[in-house]
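Protein sequence lines correspond, in order, to chains A and B.
The end of the first sequence is residue 199 by my numbering, with every number in the run present.
The end of the second sequence is residue 1475 by my numbering, with every number in the run present.
Hints were generated in silico from the structure; no laboratory data involved.
Do not take every clue at face value.
Just a few of them, taken from the derived set where beta-carbon distance is under 8 Å, the chain B residues facing chain A [said to hold, decoys possible]:
#1 Val1046
#2 Asp1066
#3 Leu1127
#4 Gln1166
#5 Thr1167
#6 Ala1268
Glycine included, each C-beta is placed from N, C-alpha and C at the ideal position.
Residue-level listing of the chains:
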Amino acid sequence: MDKFTTHTGQVAPLRRSNVDTDQIIPAVYLKRVTKTGFEDGLFAEWREDEKFLLNQPEYQNATILVTGTEFGTGSSREHAVWALKDYGFKAVIAPRFGDIFRGNSLKNGLLTVELPEAAVEELWLRAELHPESEITVDLEACEVRAGDRTWGFEFDEFLRWRMMEGLDDVALTLRDEDKIAAFESNRDAWRPRTLPVQV
Amino acid sequence: MSPTPHESEGTEPRTLAQKVWDAHVVRTGGQQPDLLYIDLHLLHEVTSPQAFDGLRVAGRKVRRTDLTIATEDHNTPTDNLFTIADPTSRKQIETLRANCEEFGVRIHSLGDENQGVVHVVGPQLGLTQPGMTVVCGDSHTSTHGAFGSIAFGIGTSEVEHVLATQTLPQAKPKFMAVTVNGSLPEGVSAKDLILKVISITGTGGGKGHIVEYRGQAIEELSMEGRMTVCNMSIEWGAKAGMIAPDEKTYDYVKGRAHAPKGEEWDAAVEYWQTLKTDEGAVFDKEIVIDAASLSPFVTWGTNPGQGVELSGTVPAPEDFDDPIARTTAAGALEYMGLEAGTPMREIDVDVVFLGSCTNGRIEDLRTAAEVIKGRKVAEGVNMMVVPGSAKVREQAIAEGLDKVFIDAGADWRFAGCSMCLGMNPDQLTPGQRAASTSNRNFEGRQGKGGRTHLVSPAVAAATAVTGHLASPADL
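Just chain A, same shape as in the assembly (with noise of 0.2 Å):
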């Protein structure tokens, strides 16, 4: 996974509550068996719109979304995340996430941070009035800095320490292997197992 420390980017503000995953990218998009190549899938409908965001000239450049709230709720498809990551965003702003994507964004170096609605709207203005300027979204001080103003953001401890250091959850667990294994030779005799058995 990438290493999140700071990025610095224009925003492209997304003024849309309740956007679940079937609009970030619409079940058409997810037959691909690679993990790259989604961009295309990005909001799909919506760019068909020649006014939608996105299209506009003065966004092109941007890489942090700033979002209403209710952002990635619905279907958990990681399609999501490559989609936004593949369409070149890095971080997204928004005052409340759905918890699978949440999740899948972390897991993908994609940095999600959660703002209250007034920021979020101060950012929106900032990003319509002057699409060019550039914010801060600094996972280290954990602040996002937008010219003189700086609001504080909170994350959990461990997973700004394996967002920083593009961790892979799978080699973290399996430094506790044992425990697993330990865990396994304790379970109960009568549980299921998937095994074909003769009815």
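Starting from the known structure of chain A, arrange chain B on it as the hints suggest.
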């Protein structure tokens, strides 16, 4: 016999969810989240290929092939069993078959009686049992919570993690209770109940919580009704939904292919009987609902929280105090092509979809068939009936339900996810309006530009007959 983890806990009163959680902790403490052991890992073709790829790249194996099982559902055709017209859909299914072969995972492919929607297949095989941890790369994994298990959807990175380690690091959730007192009135189903809950909480109300549904109305639900309720836990943002196991649960599991037998059955039941929230255990939050106040419930908008009584009218954005809800409602009305104030019963539909992991089980088909028997699907309406699994389909045929649907003019299909998410050719066309027994009314979910009203199987059947949203009482 050495003590199993669940026997070594103290006497502090605990919730059902806490007990199941505690029984699966492999590692706790320190900065890292708890590491949970996973009892059952379900796979399908859409969210697994990149996970298997990850294993291959790292030179890892599937740690417990005996706790892993795959089926084909999201992309499968429902008009025939073997011709997958779309080459990318075919590739995805072929990739799953090849991965299962290479890594030694059992798979139920098209043509097999245990092929079908992954959340219908687990319980059908008796693999879903009380007190388990169940995961799948699919958000509706919460379905399996109906058995008193902690079951939740995961992303593809987590699928890879479970394949490699049979565990998942998980931050400790909070615990919530939804208590439904009294009995559901005649004609009100599990689906109406859960749609009502989501309309109260909104799509994010359950965030970070494992929810226990309880109370008389929940106890009175059949196992399949309980699965419908737990299935939609994710639609209000909950981590998982669960219901304490009881005699109905044991009866449902008993005798199935993977149910414990003989002495093992007795040992299992003895443990399952401990799986209830203790007197005095504290929930972080509780919602109380009076079942008698409920009536058939449907959605009008573009998220599952935007619902109203079938007897009600389409709301106006001004009806909402919260500015975000107001904006969202305005957008939803526009997408849905609805006028505020329109009685829900006056909304005409083009398509009726009966199926999905929410309402594609045998009881759902029976309920709809009973309504539609001897009647005809209204002119201009296309009713599609898609059983949740090949076995549900067989059972429906054995009971003559297929004939009921066919005689009424409905389209009787093969098993799969079908129009619930429109990955296969079963899709709405732009502007088409559907009454659907599935779980999501998101923009474009059932096909680009399609408009979805979520309904119960009984409402779906009555709607098919009248051509507008209706309940059996209207016929």
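Here is what the structure says about each hint:
{"no.": "1", "hint": "Val1046", "verdict": "holds (5 Å)"}
{"no.": "2", "hint": "Asp1066", "verdict": "holds (4 Å)"}
{"no.": "3", "hint": "Leu1127", "verdict": "holds (5 Å)"}
{"no.": "4", "hint": "Gln1166", "verdict": "holds (7 Å)"}
{"no.": "5", "hint": "Thr1167", "verdict": "holds (6 Å)"}
{"no.": "6", "hint": "Ala1268", "verdict": "holds (5 Å)"}
The structure fails none of the hints (numbered hints given earlier).
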